[in-house]
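Novice: These protein sequence lines are chains A and B, in that order.
For the first sequence, the numbering used here begins at 1 and goes up steadily by one.
For the second sequence, the numbering used here begins at 1 and goes up steadily by one.
Each hint should be verified, as a subset may be incorrect.
Stated by the list, open to error - Below, in silico cross-link-like pairs of lysine to aspartate or glutamate (EDC-like), each with a Cα-Cα straight-line distance of 16 Å or less: (1) B/Lys41 x B/Asp85; (2) A/Lys67 x A/Glu53; (3) A/Lys55 x B/Glu101; (4) B/Lys36 x B/Asp85; (5) B/Lys36 x A/Glu53; (6) A/Lys103 x B/Glu44; (7) B/Lys18 x B/Glu67; (8) B/Lys52 x B/Asp85; (9) B/Lys18 x B/Glu101.
Hints were generated in silico from the structure; no laboratory data involved.
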Amino acid sequence: QQPVQSPQAVILREGEDAVINCSSSKALYSVHWYRQKHGEAPIFLMILLKGGEQKGHDKISASFNEKKQQSSLYLTASQLSYSGTYFCGTERDLGNTPLVFGKGTRLSVIA
Amino acid sequence: ETGVTQTPRHLVMGMTNKKSLKCEQHLGHNAMYWYKQSAKKPLELMFVYNFKEQTENNSVPSRFSPECPNSSHLFLHLHTLQPEDSALYLCASSLSEPPGEQFFGPGTRLTVL
Numbered sequence: 001q002q003p004v005q006s007p008q009a010v011i012l013r014e015g016e017d018a019v020i021n022c023s024s025s026k027a028l029y030s031v032h033w034y035r036q037k038h039g040e041a042p043i044f045l046m047i048l049l050k051g052g053e054q055k056g057h058d059k060i061s062a063s064f065n066e067k068k069q070q071s072s073l074y075l076t077a078s079q080l081s082y083s084g085t086y087f088c089g090t091e092r093d094l095g096n097t098p099l100v101f102g103k104g105t106r107l108s109v110i111a
Numbered sequence: 001e002t003g004v005t006q007t008p009r010h011l012v013m014g015m016t017n018k019k020s021l022k023c024e025q026h027l028g029h030n031a032m033y034w035y036k037q038s039a040k041k042p043l044e045l046m047f048v049y050n051f052k053e054q055t056e057n058n059s060v061p062s063r064f065s066p067e068c069p070n071s072s073h074l075f076l077h078l079h080t081l082q083p084e085d086s087a088l089y090l091c092a093s094s095l096s097e098p099p100g101e102q103f104f105g106p107g108t109r110l111t112v113l
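Bound conformation, chain A alone (with noise of 0.2 Å):
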């Protein structure tokens, strides 16, 4: 039950555009995504429903694909912040059933 996540790591140079992706072999209700940078706290960056919905904010923005049930996470003219380890965590039902989180993605921004 737990998602898949790829790739497990990424490098990127300031300015480059990176992909992570989100898989799930279940149907799923809503994905949700967050950062962890190192020695802190995961920070919420964005919930997406299922029916296909589209979010983002800023440079960083998110697609759910009901068919496929994968969740892909954009992150565009990277810069040095955007540097962390990014989590899906996968809700099955509405209320029902607690997030199930993915391995995690890290990233890493250099100059």
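The hints should help you fit chain B onto chain A, whose structure is shown.
Specialist: Below, chain B alone, put in the same frame as chain A:
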């Protein structure tokens, strides 16, 4: 103080000790969570409380005992832990109505000797 706070931030204990972790949220949330995060593992959900009632126990060994006296406070009582229990223990809170954004505390870094 705002957000989710956790104390202590660091804890070293022997296998025979008894200690407690404390979590407090000032966000008016009614759901609280304990997660375990170890070096190469994802966030592992341990317990969930909704309106002070435990609604999830993710097959956690009995040496971990949660307590939720009210919607703002959550404790994790520890006894006879094993070295493999060394990890970062994160507390989070959210509104019960899904899908709810979870707010995490800074965590307690636990080392079991």
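Novice: Hint by hint, note whether the structure agrees.
Specialist: Checked hints:
This hinted pair checks out: B/Lys41 and B/Asp85 have alpha carbons roughly 12 Å apart, not beyond 16 Å. In summary, the hint linking A/Lys67 to A/Glu53 is supported, as the alpha carbons are separated by about 12 Å, within the 16 Å threshold. Of the pairs offered as hints, the one joining A/Lys55 and B/Glu101 holds, with about 15 Å between alpha carbons and a cut-off of 16 Å not exceeded. As the CA atoms of B/Lys36 and B/Asp85 are separated by approximately 9 Å, the hinted pair is consistent with the 16 Å bound.
For the proposed pair B/Lys36 and A/Glu53, the alpha carbon gap of about 31 Å is over 16 Å, so the pair is violated. About 10 Å separates the Cα atoms of A/Lys103 and B/Glu44, which keeps this hinted pair within 16 Å; it holds. The hinted pair formed by B/Lys18 and B/Glu67 meets the criterion: a straight-line CA distance of about 15 Å does not exceed 16 Å. The hinted pair formed by B/Lys52 and B/Asp85 fails the criterion: a straight-line CA distance of about 25 Å is larger than 16 Å.
Straight-line distance between C-alpha atoms of B/Lys18 and B/Glu101 comes to about 32 Å, which puts the hinted pair past the 16 Å bound.
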